[in-house]
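**Q** In order, the protein sequences belong to chains A and B.
Under the numbering used here, the residue at position 38 of the first sequence is numbered 38, and the numbers go up by one with no gaps.
Each position in the second sequence, counted from 1, maps to that position plus 80 in the numbering used here.
Bear in mind the hints are in silico, worked out from the structure with no lab data behind them.
Think of the CB as a built atom: it goes at the ideal place given N, C-alpha and C, for glycine as much as any other residue.
Watch out, some of these pointers could steer you wrong.
No more than 20 Å apart at the CA atoms, straight line, and that leaves these computed lysine to aspartate or glutamate pairs for EDC-like [unchecked claim]:
#1 B:LYS402 <-> A:ASP38
#2 A:LYS64 <-> B:GLU328
#3 B:LYS291 <-> A:GLU73
#4 A:LYS64 <-> B:ASP292
#5 B:LYS291 <-> A:GLU69
#6 B:LYS121 <-> B:ASP296
#7 A:LYS72 <-> B:ASP296
#8 A:LYS21 <-> A:GLU69
#9 A:LYS72 <-> B:ASP292
#10 B:LYS242 <-> B:ASP120
Under 7 Å between C-beta atoms, here's a sample of chain A residues computed to sit facing chain B [said to hold, decoys possible]:
#11 PRO11
#12 ILE14
#13 VAL39
#14 PHE42
#15 PRO43
#16 GLY46
#17 ILE48
#18 THR50
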Amino acid sequence: MEIIVAGPGCPRCIATENNVKKACEELGLEAKITHLYDVKLFPQLGIILTPAVVINGQVVVSGKVPTVEELKEILSKMAK
Amino acid sequence: MIKELLMAGFLALEDYIVKHVITCLIPAFLLAGAMVTFIDKTVIIKYLGSEANKIRSFSLASISSFLLAACSCTVIPVASGLYYTGASIGVAFIILWVAPAANILALIYTGAILGTKMVLSRIVSALLMAFIVGWIMVLVFERESKESLLKAEVGGKSIIPKKYLILIILILLSLLSPNYLVRSGPYWHKVLVWTFFTFIMVIYAIINIPKDKIRDWLRETWWFIRLIFPLLLLGVFIVGIIGKILPEEWIKAWLGGKSLSASFFATFIGAVSYFATMTEAPFVDTLMKLGMGKGPALALLLTGPGISLPNWLAIAKVFGVKKALVYIPTIIILGTLVGWFFGNFIF
Numbered sequence: 001m002e003i004i005v006a007g008p009g010c011p012r013c014i015a016t017e018n019n020v021k022k023a024c025e026e027l028g029l030e031a032k033i034t035h036l037y038d039v040k041l042f043p044q045l046g047i048i049l050t051p052a053v054v055i056n057g058q059v060v061v062s063g064k065v066p067t068v069e070e071l072k073e074i075l076s077k078m079a080k
Numbered sequence: 081m082i083k084e085l086l087m088a089g090f091l092a093l094e095d096y097i098v099k100h101v102i103t104c105l106i107p108a109f110l111l112a113g114a115m116v117t118f119i120d121k122t123v124i125i126k127y128l129g130s131e132a133n134k135i136r137s138f139s140l141a142s143i144s145s146f147l148l149a150a151c152s153c154t155v156i157p158v159a160s161g162l163y164y165t166g167a168s169i170g171v172a173f174i175i176l177w178v179a180p181a182a183n184i185l186a187l188i189y190t191g192a193i194l195g196t197k198m199v200l201s202r203i204v205s206a207l208l209m210a211f212i213v214g215w216i217m218v219l220v221f222e223r224e225s226k227e228s229l230l231k232a233e234v235g236g237k238s239i240i241p242k243k244y245l246i247l248i249i250l251i252l253l254s255l256l257s258p259n260y261l262v263r264s265g266p267y268w269h270k271v272l273v274w275t276f277f278t279f280i281m282v283i284y285a286i287i288n289i290p291k292d293k294i295r296d297w298l299r300e301t302w303w304f305i306r307l308i309f310p311l312l313l314l315g316v317f318i319v320g321i322i323g324k325i326l327p328e329e330w331i332k333a334w335l336g337g338k339s340l341s342a343s344f345f346a347t348f349i350g351a352v353s354y355f356a357t358m359t360e361a362p363f364v365d366t367l368m369k370l371g372m373g374k375g376p377a378l379a380l381l382l383t384g385p386g387i388s389l390p391n392w393l394a395i396a397k398v399f400g401v402k403k404a405l406v407y408i409p410t411i412i413i414l415g416t417l418v419g420w421f422f423g424n425f426i427f
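Throw the hints in and build the complete structure from the sequences for me.
**A** Structure below.
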């Protein structure tokens with residue numbers, strides 16, 4: 001699974017990245033997590049609002065900091 | 081000496097924070113949190129990206145910047161996202177300017193500290209500058225007509241459902257009524273009015289808003305508090321100390337009156353230094369007590385949070401050096417002129 005956290009490096013984006021890591025850990029999920037800082041690339045990924053989470057090319061969270069619980073739900077759905 | 085300075089810092093904290101926490105800061109953060117949670121920004125942005133008419137898209141960009149709330153987290157990616165997906169460069173820079181220069185949190189706090197006339201001037205001049213900046217950016221940089229990648233597929237989807245709109249109006253009431261209905265009298269009068277309206281707002285929220293939405297709203301509010309409040313405390317403390325150190329004669333000589341040069345200095349200070357959102361209001365208030373003119377004060381209120389050195393660099397990195405070299409001097413020139421104009425003809 002490939003997860004991209006996108007944001008310009010602000011506190012909310014860092015919180016999002018931490019929550020993503022935690023959610024993967026709690027689910028025992030193997031995932032490649034990258035943090036994308038270059039805002040010029042965001043439109044190509046379909047991201048309008050940050051912080052955003054992109055899983056396997058699909059924008060699943062945008063414009064808010066997701067909780068660990070929310071992420072776990074999304075992740076376990078995507079993992080199927 | 082050091083003890084005196086620390087005292088000045090704490091006095092400023094009491095003046096600008098303690099007296100505003102319940103009736104201004106808490107409702108303001110609740111409002112910002114509600115706007116982030118309940119307003120569908122995707123819809124706004126899709127409108128913006130696909131609106132080709134300049135006047136309409138510029139107006140829309142200015143107005144929605146008030147609603148996008150106060151986080152630089154959002155502003156730069158939204159502006160660049162719009163630009164790189166094909167919106168007018170004018171729209172991108174209007175958002176880049178209005179969102180920090182006239183965001184809702186800062187406006188509310190400016191009103192509470194500096195009064196209605198100053199906050200109205202701030203709104204009007206921010207919008208005026210936005211249109212001119214947008215127009216200049218278009219004149220210099222707009223490429224040939226291009227297809228926008230963002231199509232407006234917004235049929236039927238509203239920006240905000242009615243029940244959330246009512247909630248936002250109720251929060252606004254709890255925020256504005258203590259500060260505008262109660263103009264004199266002791267502070268507890270304000271608290272009383274605040275309690276009344278907040279009570280209505282809370283009852284409404286409990287009855288009409290789903291629990292998980294309330295949780296989202298409070299979480300966003302808490303984010304704003306966590307991000308902004310420490311900076312505000314620190315900023316106000318420093319403001320108190322600066323007010324103590326700076327000799328009055330200097331302020332009067334450099335920033336007093338309504339001359340073009342005073343306005344330019346105020347603009348320049350604001351353009352270079354970083355003001356965490358909301359801290360510009362107590363800073364300007366302190367300088368005004370020491371003799372700063374109203375025109376220069378307005379200029380500093382606008383450019384203080386509007387642009388700063390770190391923000392110059394970010395803009396140059398995202399949009400390119402050339403655009404930054406047009407945008408920043410334009411803002412400095414406009415800020416100077418606005419300060420001078422308002423100082424001489426409005427205040």
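**Q** Determine for every hint whether it applies to the structure shown.
**A** Hints versus structure:
Taking the CA atoms of LYS402 (chain B) and ASP38 (chain A), the gap is about 19 Å. The hint holds against a cut of 20 Å. Simply put, LYS64 (chain A) and GLU328 (chain B) have alpha-carbon atoms about 45 Å apart, too far for the 20 Å limit, and the pair is violated. Straight-line distance between C-alpha atoms of LYS291 (chain B) and GLU73 (chain A) comes to about 18 Å, which keeps the hinted pair within the 20 Å bound. The hinted pair formed by LYS64 (chain A) and ASP292 (chain B) meets the criterion: a straight-line CA distance of about 14 Å does not exceed 20 Å.
Our distance criterion of 20 Å between C-alpha atoms is met by LYS291 (chain B) and GLU69 (chain A), whose separation comes to about 16 Å. Distance check on the hinted pair: LYS121 (chain B) and ASP296 (chain B) sit about 15 Å apart at the alpha-carbon level, within 20 Å; holds. Restraint check for LYS72 (chain A) and ASP296 (chain B): satisfied, since their Cα atoms lie roughly 17 Å apart, inside the 20 Å limit. In summary, the hint linking LYS21 (chain A) to GLU69 (chain A) is supported, as the alpha carbons are separated by about 12 Å, within the 20 Å threshold.
The straight-line distance between the Cα atoms of LYS72 (chain A) and ASP292 (chain B) is roughly 17 Å, inside the 20 Å bound, and the hint therefore holds. Note on LYS242 (chain B) and ASP120 (chain B): the hinted pairing holds, with a Cα-Cα distance of about 12 Å set against a maximum of 20 Å. Look at PRO11 (chain A): its Cβ gets to within about 6 Å of chain B, closer than 7 Å, so that hint holds up. With a least beta-carbon distance of about 10 Å to chain B, the hint placing ILE14 (chain A) at the interface is violated under the 7 Å criterion.
Hint status for VAL39 (chain A): holds, given a least beta-carbon distance of 5 Å to chain B, under 7 Å. Hint status for PHE42 (chain A): holds, given a least beta-carbon distance of 5 Å to chain B, under 7 Å. Taking 7 Å as the C-beta contact cut-off toward chain B, the hint placing PRO43 (chain A) at the interface holds, the least distance being around 4 Å. Nearest Cβ of chain B to the Cβ of GLY46 (chain A): about 10 Å, over the 7 Å cut. The hint is violated.
The beta carbon of ILE48 (chain A) is positioned within 7 Å of a beta carbon in chain B (closest approach about 5 Å), and the interface hint is therefore held. A cut of 7 Å between beta carbons decides the hint on THR50 (chain A): the least distance to chain B is about 5 Å, and the hint holds.
Going down the numbered hints, you'll see the structure goes against 2, 12 and 16, while the others check out.
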